[in-house]
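A.B. asks: Note that the protein sequences, when read in sequence, are chains G and H. If you use numbering that gives the first Met the number 0, the first sequence closes out at 427, no skipped numbers anywhere. If you use numbering that gives the first Met the number 0, the second sequence closes out at 167, no skipped numbers anywhere.
Note that these hints are calculated values from the structure, not bench results. Note that beta-carbon positions come from the ideal geometry of N, C-alpha and C, so glycine has one too. Each statement offered as a hint is correct.
Label-pair restraints from in silico Cβ distances:
1) H:92 - G:368: 50 to 58 Å
2) G:327 - H:160: 27 to 35 Å
3) H:92 - G:264: 22 to 30 Å
4) G:172 - H:131: 35 to 43 Å
5) H:154 - G:274: 46 to 54 Å
6) H:160 - G:272: 37 to 45 Å
7) H:92 - G:210: 48 to 56 Å
8) H:66 - G:368: 34 to 42 Å
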Amino acid sequence: MRKIGFLLSVCVLVTCWLPSASAEFAIEITQGVDNPTRIAISPMTLGGRALPEDISKIVSADLDRSGLFSSISRQNMLSFPARENDVYLRDWRVLGAEYLVVGDVTDQGGSYKVTFSLMEMAGGRKLFTKAVDGKAAQLRDIAHHISDQVYETITGIPGAFSTRIAYVSAIPKNGKMSFRLMVSDADGARERLLLASDEPIMSPAWSPDAKELVYVSFETGRPAIFRQNLATAAREQLTNFRGLNGAPSWSPDGRKLALVLSKDGNPELYTFDLITRKFTRLTTHFAIDTEPNWMPDGKSLVFTSDRGGAPQIYKLTIASGQVERLTFTGSYNARPRLAPDGRTLVMVHRDKGDFHIASQDLVTGDLRVLTQTYLDESPTVAPNGAMLIYATKQGSKGVLAAVSLDAGVKFLLPATVGDVREPAWSPK
Amino acid sequence: MKNQLLKYGALVTVVMALLSGCSSTGTETDTAGAGTSVPSSQVSTGSVSTEGVTATTLGTDTAVPRVFYFEFDRAVLNAESTAALRLHAEWLHANPVNVRLEGHADERGTREYNMALGERRANAVRDFLISEGVNGNLLEVISYGEESPASLDSNETAWALNRRVEMK
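Here chain G stands alone, though its shape is the one from the complex (with noise of 0.2 Å):
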């Protein structure tokens, strides 16, 4: 007879950082832009020796990842200059860039500073110097950092190059579903294992400080809401209530979380104060009422409902309990997200029975599908609101997908093993 009881093998890591190579996703561009602006990264070395990560190759697929960019090839590049005095305008326009970025590096005993330029082609004028510094394990960082002044200083948007991204992954195993909850760097790599379990984990939903996650998991025998703090690992079950125990959301105060709990019959929004661990009950009917996420301003929630008969997205004024309805296009729309200018709405919309992403303008009420791809879920807006990352199938496998806001780029995040899922961006 089988043993009742949840065998559990759950494991919460926080040192364990997979190897590298297996970790990074293979990015795929399947969109961009019709001219991407042309750019040229000279490599940065320490005097002519490698270093550990390779800056400016990070640096080339951010810029490239973010669809706007096309950066020039290492190997067709005439030189390799370190300083914006070494640079031979020449070299570069032949090869038609734009831009070029050059950096020096210098080894500081224990620690590296690069000291990088940006320069127009077009004029032969420097944009800026700027200097970063940090340990070994921290070039992937600076790289980041250096990709995140350039496309700020070209496009006057703020880059989300140095934010991280936290997803599920379930693998098979031995017939059975096991789940990893893991978060990597916006790029894929540096990918960190937070919590393995054979039991389902979902929801992932970042703080505003983007130090603790808040998620839902199974390993009790029944969903409950957990919080983990990802220096330390310290994690806390937050509830445990029969039924639904779901949807965390973080408040942009950090001070509540929004989420759905079914103990009283159905499922119902609800806050709960991280403070006080005082229960708040927002929503009083007997349909759906699932997904809250915050508006911006911290006062009302966006959540999905099927109070009308099939899943709508609707706003809820926290303070006079006033529920609106949003969406009017399409027999099902939900799972909404906000953009950070807190205009912009995306979602999961279903559009002649096929599941895409969705945004609609709150102000204008335009509702633009952004997708094409196969069973989309689960958007996520990077902190920039230039770029969502979403869950998608190729197959019967599960990846993540991203594509612009303006839905002019779009690309593949193709994972090594397993099904990936639930995408949450960190807002930082």
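Dock chain H against the given chain G, drawing on the hints supplied.
C.D. replies: Only chain H this time, still in chain G's reference frame:
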């Protein structure tokens, strides 16, 4: 129907005999997995599994279904399900054991909405059993949403198999 009920009743006797022979079934969540640092659940499960027993005693010919299927985004029991649930209710009325009702959804639609949908389906089974005289305190509802599919394929056949409630 009457004949079927009698058959089921006879099998129930066998099931009961087997159950009484293994009444020491654990009812607490086991958190003793390797390398865990998991807080133990504060809620006692109070559930006893009859799985395995029924598989060997009911047999394929007379097995009363323990899995109930649903339409997309719906939680309405079909005639086949209600017929089977009446038999289960009859038995449970006479033999009150704890039952776990696990609700599931197919992969289409969003994950947390599907959690709610799985629960709504399991509640439909629970409510039907209660309406047939089963003590509601014996019935525990757990939704797995789309997280624990019966079929990992991505097509209509798989989705139909995955929109289900399992009685355990």
